[in-house]
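Novice: Sequence:
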Amino acid sequence: MGKAVRNIVTFIVAACLTAGLSGCYDRRELDTLGIVLGVGLDKSVTEGETDVTVQMANPGGASSSKSSKGSKEGEKGTGTEEAYINQTGSGKLINDIIRDMQHEMSRRIYVAHSQVMVIGEELAKSGLRDSLDFFLRAPEARMTLYVFVAKGRAQEILSAKPEFEKITSTELSKMLKDQKITSEAPIVTEFDFVESICSKTTAAYAPLVRLDENNGKKRLTVEGCAVFNQSRMVGELNAVETRGLLFATGKTQTGVIPVSAEGVSSTIEIKEASSSVTPTLYTDGTAAFNIDIKTLIGIGDQTGTLTLSDEKTFAPFLAATAEAIKGEILSAVEKSKELDADIFGFGEMLYRKYPKQWEKLKDNWKNAYKNITVTVSVNAKADGSGRIGKPLAPEGN
1 MGKAVRNIVT FIVAACLTAG LSGCYDRREL DTLGIVLGVG LDKSVTEGET DVTVQMANPG
61 GASSSKSSKG SKEGEKGTGT EEAYINQTGS GKLINDIIRD MQHEMSRRIY VAHSQVMVIG
121 EELAKSGLRD SLDFFLRAPE ARMTLYVFVA KGRAQEILSA KPEFEKITST ELSKMLKDQK
181 ITSEAPIVTE FDFVESICSK TTAAYAPLVR LDENNGKKRL TVEGCAVFNQ SRMVGELNAV
241 ETRGLLFATG KTQTGVIPVS AEGVSSTIEI KEASSSVTPT LYTDGTAAFN IDIKTLIGIG
301 DQTGTLTLSD EKTFAPFLAA TAEAIKGEIL SAVEKSKELD ADIFGFGEML YRKYPKQWEK
361 LKDNWKNAYK NITVTVSVNA KADGSGRIGK PLAPEGN
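For the sequence shown, position 149 matches number 149 in our numbering, and the numbering has no gaps at all.
Read the hints as simulated data drawn from the structure, not as lab findings. A quick note: this is a predicted structure, and the numbers were derived from the prediction, not measured. Hints are not guaranteed to be accurate.
[Unchecked claim] The calculated lysine-lysine pairs, modelled on BS3-like cross-linking and capped at a C-alpha distance of 25 Å, are:
| no. | residue 1 | residue 2 |
| --- | --- | --- |
| 1 | Lys366 | Lys125 |
| 2 | Lys180 | Lys335 |
| 3 | Lys177 | Lys294 |
| 4 | Lys200 | Lys366 |
| 5 | Lys251 | Lys174 |
| 6 | Lys180 | Lys326 |
| 7 | Lys251 | Lys381 |
| 8 | Lys366 | Lys335 |
| 9 | Lys166 | Lys217 |
| 10 | Lys217 | Lys177 |
| 11 | Lys151 | Lys174 |
| 12 | Lys251 | Lys337 |
| 13 | Lys337 | Lys200 |
| 14 | Lys92 | Lys125 |
| 15 | Lys151 | Lys177 |
| 16 | Lys326 | Lys370 |
| 17 | Lys174 | Lys271 |
| 18 | Lys200 | Lys335 |
| 19 | Lys180 | Lys294 |
| 20 | Lys370 | Lys200 |
| 21 | Lys337 | Lys366 |
| 22 | Lys251 | Lys335 |
| 23 | Lys218 | Lys174 |
| 24 | Lys161 | Lys217 |
| 25 | Lys337 | Lys125 |
| 26 | Lys326 | Lys381 |
| 27 | Lys180 | Lys251 |
| 28 | Lys180 | Lys381 |
All chains, full assembly: derive it from the sequences and hints.
Specialist: In structure tokens:
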């Protein structure tokens with residue numbers, strides 16, 4: 001066999017062998033998938049069962065105000081109604097529930113692009129261990145979605161009409177990301193949530209979402225957080241207590257704190273904040289923690305004619321801000337003691353610093369937590385007064 005023929009034969013054999021390697025054997029075309037953007041979990045009226053709601057993007061939907069081609073004038077067309085479809089099923093096992101939904105769908109339910117998981121309050125209080133199992137096992141499920149706890153039912157939250165986005169799940173996702181402006185609700189992914197649930201010491205928490213009625217219209221509100229002991233919700237923190245928690249754990253980015261001093265009311269803008277915690281474990285088994293906060297603040301607005309941009313006149317406001325932050329942190333600590341939930345991760349800090357002593361304390365940490373001592377020191381520094389140095393007042397005042 002000549003060299004040229006041998007090369008041709010080699011090429012043909014190689015091409016045949018590699019032909020089966022090209023492409024993706026498990027490829028799924030986009031038009032065959034029901035892409036899930038949000039999941040809702042509720043306790044069912046049937047004991048031992050869970051209601052699962054999946055919110056999927058509706059490829060043919062755009063706006064309920066538009067009419068589809070060929071529909072009668074004034075009637076809403078079925079092809080261009082909502083931009084999402086909610087499907088709900090009930091059962092004992094989440095995987096089985098979702099598979100049963102396929103009987104009513106022409107597309108395969110695909111959860112890889114889920115943005116949010118909303119857990120109904122009643123289910124959260126009864127325990128989430130079994131309900132979360134599927135989302136941890138499913139290979140396509142991602143743990144980067146945001147977790148919420150609903151005041152009420154998750155199904156109602158996902159059925160609420162969004163105001164700025166086309167899909168409720170997308171609205172919730174963006175609302176949570178914007179909470180960094182107020183630091184009054186935590187940003188919690190499924191990974192964060194599950195990691196805390198599995199921790200032997202650190203308690204989990206998740207932002208609260210509810211439906212508020214304003215002028216006859218229901219609107220989504222994200223504020224505060226639900227607190228868990230292992231997988232069971234045991235209580236909640238309000239907005240101020242939640243910000244105290246975020247200050248202590250170094251998760252406060254920005255926010256506004258109203259303070260008063262020298263007969264003047266002002267809102268203080270938190271521009272930067274950092275936290276460090278020093279744990280101390282005594283020989284009698286008691287523990288103390290010093291939380292050191294450093295923050296950079298500015299003036300949001302004020303009443304009266306006092307010029308707060310002056311260093312001397314602003315000093316009382318720095319002190320008032322420091323006291324306000326200290327009060328928020330301590331209020332969160334006290335609430336966590338009431339709930340027997342170490343949401344700050346104090347136990348984990350003791351374990352890292354005192355691993356040998358911790359072995360003797362860990363089994364009694366739940367009781368010991370109630371007796372911990374927490375001190376807070378806040379170092380607040382000023383950073384400008386905005387575009388104006390003086391308040392709006394005539395010269396000489």
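Novice: All hints are to be evaluated individually against the structure, with a verdict given for each.
Specialist: Hints, verified against the model:
Annotation: proposed proximity of lysine 366 to lysine 125 holds, straight-line Cα distance about 19 Å (limit 25 Å). Taking the CA atoms of lysine 180 and lysine 335, the gap is about 22 Å. The hint holds against a cut of 25 Å. With a C-alpha separation of about 23 Å, the suggested pair lysine 177 and lysine 294 falls inside the 25 Å cut-off, and the hint holds. Restraint check: the Cα-Cα separation between lysine 200 and lysine 366 comes to about 10 Å, which is no more than 25 Å; the hinted pair holds.
For a cut-off of 25 Å, the pair hint linking lysine 251 to lysine 174 stands: about 18 Å separates their Cα positions. Restraint check for lysine 180 and lysine 326: satisfied, since their Cα atoms lie roughly 19 Å apart, inside the 25 Å limit. Straight-line distance between C-alpha atoms of lysine 251 and lysine 381 comes to about 19 Å, which keeps the hinted pair within the 25 Å bound. Straight-line distance between C-alpha atoms of lysine 366 and lysine 335 comes to about 14 Å, which keeps the hinted pair within the 25 Å bound.
Distance hint between lysine 166 and lysine 217 is fulfilled; the C-alpha atoms sit about 17 Å from each other, no more than 25 Å. With a C-alpha separation of about 24 Å, the suggested pair lysine 217 and lysine 177 falls inside the 25 Å cut-off, and the hint holds. For a cut-off of 25 Å, the pair hint linking lysine 151 to lysine 174 stands: about 19 Å separates their Cα positions. For the proposed pair lysine 251 and lysine 337, the alpha carbon gap of about 20 Å is at most 25 Å, so the pair holds.
Only pairs whose Cα atoms come within 25 Å are accepted, and lysine 337 paired with lysine 200 is accepted, the gap being roughly 16 Å. The hinted pair formed by lysine 92 and lysine 125 meets the criterion: a straight-line CA distance of about 17 Å does not exceed 25 Å. Taking the CA atoms of lysine 151 and lysine 177, the gap is about 19 Å. The hint holds against a cut of 25 Å. A hinted pair counts as satisfied when its Cα atoms are at most 25 Å apart, and lysine 326 with lysine 370 qualifies at roughly 19 Å.
As the CA atoms of lysine 174 and lysine 271 are separated by approximately 21 Å, the hinted pair is consistent with the 25 Å bound. With a C-alpha separation of about 20 Å, the suggested pairing of lysine 200 with lysine 335 holds against the 25 Å cut-off. A hinted pair counts as satisfied when its Cα atoms are at most 25 Å apart, and lysine 180 with lysine 294 qualifies at roughly 17 Å. Straight-line distance between C-alpha atoms of lysine 370 and lysine 200 comes to about 16 Å, which keeps the hinted pair within the 25 Å bound.
For the hint linking lysine 337 to lysine 366, the alpha-carbon distance of about 9 Å falls within 25 Å, and the restraint holds. Restraint check: the Cα-Cα separation between lysine 251 and lysine 335 comes to about 18 Å, which is no more than 25 Å; the hinted pair holds. Only pairs whose Cα atoms come within 25 Å are accepted, and lysine 218 paired with lysine 174 is accepted, the gap being roughly 18 Å. Restraint check for lysine 161 and lysine 217: satisfied, since their Cα atoms lie roughly 10 Å apart, inside the 25 Å limit.
Between lysine 337 and lysine 125 the alpha-carbon distance is near 18 Å, which keeps this suggested pair within the 25 Å criterion. At roughly 15 Å between alpha-carbon atoms, lysine 326 and lysine 381 fall within 25 Å of each other, so this suggested pair holds. For the proposed pair lysine 180 and lysine 251, the alpha carbon gap of about 9 Å is at most 25 Å, so the pair holds. This hinted pair checks out: lysine 180 and lysine 381 have alpha carbons roughly 20 Å apart, not beyond 25 Å.
Going through the hint list in order, the structure satisfies each hint without exception.
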